[in-house]
Structure formats: C-alpha cells, structure tokens
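Heads up: the sequence lines are chains A and B, in that order. Just so you know, we're using our numbering here: the first sequence kicks off at 1 and counts up by one. Just so you know, we're using our numbering here: the second sequence kicks off at 152 and counts up by one.
Be careful, since some hints might not be right.
To be verified - Just the calculated beta-carbon pair ranges, DEER-fashion:
(1) B/Thr228 to A/Ala10: 29 to 37 Å
(2) B/Ile164 to A/Ser147: 28 to 36 Å
(3) A/Leu5 to B/His202: 29 to 37 Å
(4) B/Gly236 to A/Leu5: 38 to 46 Å
(5) B/Leu240 to A/Tyr6: 42 to 50 Å
Honestly, the hints are just simulated from the structure, not real lab data. Here a beta-carbon is modelled for each residue, glycine too, at the ideal position from N, C-alpha and C.
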Amino acid sequence: MYLDLYIFAALLVLGFFFGRLAEKKHFKSIIAREKKYRQLLTFSGRLLPPDLDRADAELVGGNVVISIDYFKRIAAGLRSIVGGRVTTYESLLERARREAILRMKEAAIAKGATMVVNVKLETSSITKGKGQQIGCVEVYAYGTALSPILT
Amino acid sequence: MTKYENRHIPEGINVSEEHPLKEFLILAFGLGAITALVVLLLSLMAGWLVHFIPFSLEKSLATSSFSTSTSSDVVLTNEQLEIEGYLQLLANKLSAAQHLPDGMEVVVHYVDGDTVNAFATLGGNIIMYRGLIEALPHENALAMLLSHEIAHIKQRAPIVSLGRGVAVGLALASLSGFGDSSMSHQLIGNVGLLTSLTFSRHQEEQADIEALQTLENYYGHAQGAESLFEILSEGDYALKPPKLLSTHPITEERINRVRHFNGSHVGLASYKPLPEFLVNISQGLD
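Given the sequences, and given the hints that come with them, work out the whole structure.
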C-alpha cells in the first residue's frame, strides 16, 4: 500500500527533473538553430512570390515525436479536473512544432533550397486515450522547397 | 526580386513563463484539501447515520456471512470448544462490566491459527486467534484485549467503518471519474485512504480508554493491561509503520495511556493467572 505511494512520488520527482532538464536543453537548441537557419525563408502561402526566378520545386518534410514525462501527465490530469490552460502540454507542443519545422528546414538546406513555400503542419497523438500509457505527440512539417536553377 | 524575410518571433507566446511546480502544487494541495474535506464530511455523515441501523439488523446481516466462513466449516475439537467457552464466559462478564446496551451481545469465535491478532466484526462477533492468546501472560491482559474488542462493538465500529467505506468509496469513484489521467485517480484514492485511517485511529483510542475503564470495573484495577501492548510490540509481528499510515495508535502511546490511567487509579497489582488449558496450549507449542 505504501509502496504505491513511494513509487508514485519517485516517478513524479524523476519525471519533473529529467523532463525539465530535457525541455531546457531542447529549447536552447531550438533557439540556436532557428537563428542559424533564418536565412532560409519559409512561408505558409500556397502561391509563389510573383517575381521569383525559375526554381526547382521539391517536397521536404521533417517530423518529430516527443513523449510527455510523468510529471507533465499528472499535472495535466489534475488540471483536467478543474479546467484551464494545460501549460505543461503547451510547452511540449511548442517544442514539437518548432523542432519539426527545423528538421524540414535542414532537409531543404541539404537540397540547396533558399525558400520553402506552402508549409503545413500535421499533428497526431500516438497514444490516443490509452489509460495507463504515457502519451506522445507527433508533429510533421512539410512544404515545397525551392532551389535556384544553376545554369 | 522583392525583399522577403522571416522576422524573429519573440519567445513566450505559446509557453507560459510560470514555474510548472507552482501550478502543480496549487492544484495538488487545492484538490487534496477539497477531497479530504469531502471524505471527512461523508465519513461524519455516514458514521452518524449508521447508528440508526438497529443492532439486530446488523446481526442478521452478519449471520449469513458467518455461517459460511468461520464457524461451520471448521469443526472445533473439545479442547478448542473449552477455550471458546471460557473466552465467551469472560466476554460476557466484561460486557456486563462495560455496560453494553440491552440487546447487544458479543459472540467470541476461537480460531486455531498462528496469526497474532484479534478483531471485532459485524454483528458483535469477535475473532480471537490462538497466536495472540498464547502470547498473553495472564488473564488481565486477555481481558484488556477482549474489552478493547467489546468496546468496538459498543461504539459500533465495524458497521460504522463499513458505512464509511461504502459512502467514501462511492464518492471518490465518481469524483475521480472526471479526471482523464488514471494517476490522478490514484492520487485522490490515497488522500481518501489516509483520511479514513485517521478516523479509525480515533476509534482505537476510544476503545483503549473504554477497555481500561472496563478492567477497572471488573478487577478493581487496570494493571497488567500494558502487557498486551508489550506483546504486540515484541517479535516479528511488531510492524511499526509511520504514525500517519497506521490504524492503531503506536504502541508506546498506548502503553503510556495505560500508565497514565493507572497513575490516577492506584490499586493492588494482583494478576489473575490464565486457566490451565490455556497455559498448556502455549507451553505445548513453544
């Protein structure tokens, strides 16, 4: 009976420290890479800029799966009783979206692109409503990479 | 070509700057306090309502379960019947000394098991294990044990616990149904558990006090009662869980209560020995 309590507390502490460490590290990396790839332009618009030179168009994408930690899950569970902003999940999704876009940009840069247009995001939850399972979220970012034609 | 750029988006739009632990603690303690309050109220209400169930009804509820469990399956030997008869006789005398209300009577069941335990249950039934009886040094300690269990019957503790358990269990089951995380259910469940255990500890304290008074009435003094708790604190069965998680008051507290009680009721310490046949079972097994 008490064992349950101790295991629960231990998992909570473990989840909190490792989850927070991972999140801090991830955000640091995201901010640094976003700065690095800012020269590669991304647009959500479907149409190309009207005065664009002839360019090669190719599909690029980047996806990421991030798992929540035990602490986030419990915090969200408590939040679901009273309602309101689930801040622990907000930061998780923010990380997933930005990471997916970054991976898409890395793919575009590898192809020598200077611009990605028609960028879209898809989100899915991998463990949908499975009671005892730790949930994770997948975000997939994709778009059309435009590379200048070298003649 | 027109000049395009992706401007830097400031941080903190989608992510709250607030420390996650702060939100968690507010929620956990807030919900914990509400749950504890609900459990407390329900326990009080259930405990109060249960007193309106007549003892005869409780007895008839218990009879159906008792005829199938302890008594009828096991055929007692003559020796065991003698012990049970002796225990019943002592219990009857102690019931009189404790002024058990009319219509309320206790039935003692002797169980030939090594378990160091005794407990009172629904319908005035008291279960005594050989394991505990054979460890007791004299009749005074045995009388303390019986009086403690009779006091539980008198305060209607078994039916009160049952009523509380049902009311609180139902309430928590419906409350935890709102959260979608099964771990939050566990959290709520544990708060409920701790609260209900604290309740029964109060009942135990009351039963100890009542039992001491009974010994005073029966023997003229309550000395020797602490032997029971000394026995309980010795040996392998002396589990010492943290106070918060224990249903029974911790042994030192109980022994101190006996000493305190005896301090104000000074009498001559003459312990009544246990009858021969009870001494024999303990010696035969040592």
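- request: Take a look at whether the Cβ-Cβ distance between leucine 240 of chain B and tyrosine 6 of chain A falls inside 42 to 50 Å.
  value: holds (47 Å)
task: Kindly confirm whether 38 to 46 Å is satisfied by the beta carbon distance between glycine 236 of chain B and leucine 5 of chain A.
output: Hint holds: Cβ distance 45 Å, inside 38 to 46 Å.
query: Does the hinted range 28 to 36 Å hold for isoleucine 164 of chain B and serine 147 of chain A at CB?
result: holds (31 Å)
- request: Return holds or violated for the Cβ distance of leucine 5 of chain A and histidine 202 of chain B against the range 29 to 37 Å.
  value: holds (33 Å)
field: 29 to 37 Å as the expected CB spacing between alanine 10 of chain A and threonine 228 of chain B, which holds or is violated
entry: violated (50 Å)
Hint check: a violation occurs at hint 1 only; the rest are consistent with the structure.
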